[in-house]
Amino acid sequence: MSSDAAISSRSTTGPRSLGVLPQWMMAFALSVCAIMIVGLLGLIVAQGAASFWPKPVDEITLHDGGTVLGIPIRSGVNFDGDPQTLYRIGNRDLGQIPFRWISESEIESRSRPSDVVLLERREWGIFIGRLAPDPETGETTTWEGFAGDLDDGAQRRREIDGLRGGALARVNRELTVNRQQIAEADLRLADGQRSGLGSAPWVIILGAGLLACGASFLSFARRARLRGALVAAGGLLVLWTALERPGLAESELVEWHQARVESLADEQREIEQRFVTLNERLVTLEDADRQHRVSVAASDGTLAPESQSATDRRLMASQVIRAIRPNAMSLWDRFGVFGSRWAEYLIDDPREANTEGGIFPVIVGTVTVTLLLTVVVVPLGVLAALYIREYAKQGVLISVLRVAINNLAGVPSIVYGIFGLGFFCYAVGGYIDGGPDASVTMGKAAWWIVAIGCASAFVSALLFRSKVRAAGVLWALGATAVLVLFATSPYFDGFFRVKLLDGEPTFGSSGLLWASLTLALLTLPVVIVSTEEAIAAVPQSLREASYGCGASRWQTISRVVLPGAMPGVMTGTILAMARGAGEVAPLMVVGAVKLAPELPIEPRAPFVFADRSFMHLGFHIFDLGFQSPDSEAARGMVWTTTLLLIVLVVTMNLAAIYLRGRLRSRLVGGHF
Amino acid sequence: MTTNAPATPHRVLDAVNEGKPFGAETYGLPDVTDCILDVDRFSLWYGAAQALYEVSMRVPKGRVTALVGPSGCGKSTLLRSVNRLNDLVAGVRTEGDMLLNARSLYAPSVDVIALRKRVGMVFQKSNPFPMSIFENVVYPLRIAGERRRGVLKEVCERSLRSAALWDEVSDRLSESALGLSGGQQQRLCIARAIAAEPEVLLMDEPCSALDPIATARIEELISEIAGRYTVLIVTHNMQQASRVSDFTAFMYLGRLVEYGPTADLFQTPRLTETEEYVTGRFG
Chain A
8 MSSDAAISSR STTGPRSLGV LPQWMMAFAL SVCAIMIVGL LGLIVAQGAA SFWPKPVDEI
68 TLHDGGTVLG IPIRSGVNFD GDPQTLYRIG NRDLGQIPFR WISESEIESR SRPSDVVLLE
128 RREWGIFIGR LAPDPETGET TTWEGFAGDL DDGAQRRREI DGLRGGALAR VNRELTVNRQ
188 QIAEADLRLA DGQRSGLGSA PWVIILGAGL LACGASFLSF ARRARLRGAL VAAGGLLVLW
248 TALERPGLAE SELVEWHQAR VESLADEQRE IEQRFVTLNE RLVTLEDADR QHRVSVAASD
308 GTLAPESQSA TDRRLMASQV IRAIRPNAMS LWDRFGVFGS RWAEYLIDDP REANTEGGIF
368 PVIVGTVTVT LLLTVVVVPL GVLAALYIRE YAKQGVLISV LRVAINNLAG VPSIVYGIFG
428 LGFFCYAVGG YIDGGPDASV TMGKAAWWIV AIGCASAFVS ALLFRSKVRA AGVLWALGAT
488 AVLVLFATSP YFDGFFRVKL LDGEPTFGSS GLLWASLTLA LLTLPVVIVS TEEAIAAVPQ
548 SLREASYGCG ASRWQTISRV VLPGAMPGVM TGTILAMARG AGEVAPLMVV GAVKLAPELP
608 IEPRAPFVFA DRSFMHLGFH IFDLGFQSPD SEAARGMVWT TTLLLIVLVV TMNLAAIYLR
668 GRLRSRLVGG HF
Chain H
457 MTTNAPATPH RVLDAVNEGK PFGAETYGLP DVTDCILDVD RFSLWYGAAQ ALYEVSMRVP
517 KGRVTALVGP SGCGKSTLLR SVNRLNDLVA GVRTEGDMLL NARSLYAPSV DVIALRKRVG
577 MVFQKSNPFP MSIFENVVYP LRIAGERRRG VLKEVCERSL RSAALWDEVS DRLSESALGL
637 SGGQQQRLCI ARAIAAEPEV LLMDEPCSAL DPIATARIEE LISEIAGRYT VLIVTHNMQQ
697 ASRVSDFTAF MYLGRLVEYG PTADLFQTPR LTETEEYVTG RFG
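So the sequences go chain by chain: A and H. In terms of my numbering, the numbers along the first sequence are unbroken and rise by one, the last being 679. In terms of my numbering, the numbers along the second sequence are unbroken and rise by one, the last being 739.
Simulated from the structure, these hints should not be mistaken for lab results. From the three backbone atoms N, C-alpha and C, an ideal C-beta is built for every residue, glycine too. You can take every hint at face value.
Just some of the chain A residues that point at chain H, by a computed CB distance under 7 angstroms:
id	residue
1	S548
2	L549
3	A552
4	G555
5	C556
6	G557
7	A558
8	S559
9	Q562
10	V567
Given the sequences, and given the hints that come with them, work out the whole structure.
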C-alpha cells in the first residue's frame, strides 16, 4: 500500500507530470522559428517583386498655388502631428531634392492626370512632367511620335556604345600592350648583362623541376635509388644551364633594343591612326545624336535639360531609357513595363552609383567567384578528409588536427579576409608580380648551396626510406627548402614587372583569384567535416570486400569509398557554395568593389581574368543600403538585390540537392 | 599422456589451465603434396590479446574444409589471416607462417595485393558494392586493369553461372546489385570471389544471415564448385559442416584441437571437447 503511494506521488512530481507541456514548448519554439523565416522570406519576396511595379503619379496643388508631380511612396506623421506623405518627385537636374514630404495641411487638391509622363534617364534619375511644345517649331508631338523619337535615340545610343565598348576599347587595349612592350624592352636594356629571366623560361624551369620531382617519385616507387640521385643531379645541371645562360653582349643588346623600339613605335603610330579614325566616327555619331532633342516640361513649365549644368539645352532623345504614362496605362501595359524593368535589371550595367540600371556584372561576379571557390575547395577538402580517414594513423595528432579544423569554422570571416589580403594579395600576389622582395632575395652562391642541399635531402630520403622517421624528416626538409628556393630566388623578377613599375599591380592587389582562395579557405572546414563523416559512414564491410578482391588502397578509395561518400561530399559542397555566395565581410577586403569596369569573365582568352576586381551581390546590398548617395532611391534596388541573392543561393542549393538525390538513389538501388 | 591414447576428459582445457603446450589431434589427411595451404605454427595477437596459439594445419587441394568451433575460438581470425585481411586491423602481430603452394604468405617480400587476388573471400554478411550486378562481378578484373568488354562479359557470365545466379539476373545485369534478395546478394558475392579464378576460396559463415532456402542453395553451390576450388569455410552450423565439407577442423580457445575427415570427426570424435561440441552440449 505504501509503495503504491510512493509510486503515485512520484508520478505527480517527476518529469512525467509535465504532461503535454514540453510538447507545447517545442511546438511554440518551432512556430516562432517558422514565422521568422517565412516572414523574412515573404517580406523580401513581396518588396523585391513590387519594386519595379509602375506606380501612378499624383498631381498635387498646394495652398501656395504651386503644383507638384510625384509618386506617393509612403505615409507618416510630421512633428506637428499632421499626416504627411513622401513623394518621389525626381527632376534632380532642376535642383529639386528627388524625395519630398508633403503634409496634408499644405495640399489644396490632388488628381491623377493621364497626360503625365515619367522618364527614366541615363543620368539624373527620373523626370516627371508633361510633353511640351518644341520651342523652335511650337508644336507638341503626340505620345506615339515621342515614343518613336525615343526609339530612334536608343538606336543611336546603341551604335555609339557599341563603338566605344567594342572597336575603340580594343584599340585602347592594343595601345596599352604596345606601351608595355616598349617599357619591357627599356627594362631589358637597363638590366644589361643581368640574366634576369623572363616569365617564359621561368615557367619552363618550373615545369622541368616538377617533372624531375615526379620522375624521382616514380623511381622511388620502383626502388631505383641511384636513378633518384641521377635525376636530382641532372635536374640541378639543367637548372644551372638555364639560369646562367650567357646574355647578349652590350653592343648587341643596344642594337636589339633600338630595332625593337623602332618596330614598336611603328606599330604604335599605326594603332594611333586607327584610334583617330574611330574617334572621328564617334564624334560624328555623337554630334548627330545631339541634334535629336525632346521637350518635356516639369509642373512649373521648365523643360527637361541635358544636364544640371546645361539647362539651356533640352534633353536628348538618346538620354531617355524608358518613358511611360503612369496614369494612362492598362494593367497589361503595367505588366509590360514591369517585365522590361526586370529584364533591364538582370542584363544591364548599373547606373547612377548603382541605384539604377541593372546588376548583370554583379550576378556574373557572384557566380564566378562561387564556382571558382567550389573548384578549389572541393578537391582540397575531399583529399584532406580522405587522408585523415583512410591513411593517417588515428592518434593524438589527428584528434588535435580535427579540433583545429572544427574551430576554423568559428573564426570570424573578416579575419579570413584580412589574412587573404596579407598573404594572398600582398605576399603571393606581390611575388607573382615582381618576384621576391629585395630584402629576402638570396645571393646566387647561397641559393645554389640551398639548391644542392635540397636535392641531397630528397636523395637521402630515398636512400633512408626504410627508416621511416628519418626519411620523413628529410622529405619535410627538402620540401621546405624548395619553398625557400622559390621564395628567395635571385633569378625571378616576376611575371608582371613592367606593369608593376608602371605603378599598376596585377595579382598584387585584391582580385577574383584571391577572393576565391580566401573563400575556399573559409569554407574548407565545412567540406572536410562533411566529407569525413560521409567517408566514416561507408561500411567497413565494403572496404574489406574490395581489399578481399585484391584491390590496392587507392583502388578501394577511388572505386568504393569515394563513390559511397559522394552524397556527403555533395552536402559539403552545397553548404560551402551557399556560405561562399552569401559572404560579404572578407570580400570587402580581397576583391569585391562598388563598380567594376570590366567583367571577370570575357569571351576572349584567357576567359577568366583572375586578377580583376569584381562585383558581388552581398557586397552590393551593403553598398546600396549604406554607401549610396541617395539611400531612398536605392531602396528598391536593395530589396530586389536581396531577392536575387536568395534566389541564386536557393537555385544552387536545389541543383546540388537534386544531384545528391540522384547519387543517393544510385547507391540505394534501382536503375543506372 | 600420448596422442594415441583414448581421450581423457577435457585434455585441452587441462592443458590450457596448466599452461602446457598442446598438440592437435590430426588424422586422415591426404599427402602433403595434395595440400595447397600449409599453416605452420601460426600465432596472432590483437594488441596484447592472443587470438591464435601456434595453429598448424594443412588444407587439402580441391576439397572443402570446414572450420568449426564456439564463438571467439579464432576460426574467423585464422580465415582472415590466409588473405592477410587482418593487416587492415591496427595493432595485429603474427608469428609463424602460412605457405600457399609452398610459398610463404608472411615473408616481407610478399605482395599482399597479388596474394589477395589468388585467395578469394566471401563474408558473413553479403557485401555487394553499390554498383550494377555486372560491375560487381567483374570488380576483381577491373582493378587488375582488364578493359576488354568481351573478356569482362565472358567472365561475368561464367562466374554467375558458377554461382547459380545467371538464370535469375541475366536480363538485368545493369541494375543495381542492391536490389537483389539476401540470398542472391550472397551468391553474387561468391560469383565476384570466383571471377578472378582464385586458388583458395575463403568463406566466413556465408549462410548465417540467410533463410533456410537460400542456405540450401548456397550449400548446393559449394558442393558444385568444390572440385574446381579449394574451399575453406567457417561455419557455426554442424549440419552444414557435415553436409558440405570433406574435412573438418575443430578449434577451441584459439587452438586447433581436432582435425580430420568430416565423417570421422562427427561420428567418432577423439577428444572430449570435440564430442561435446559436435553433439551440441556447448558452443
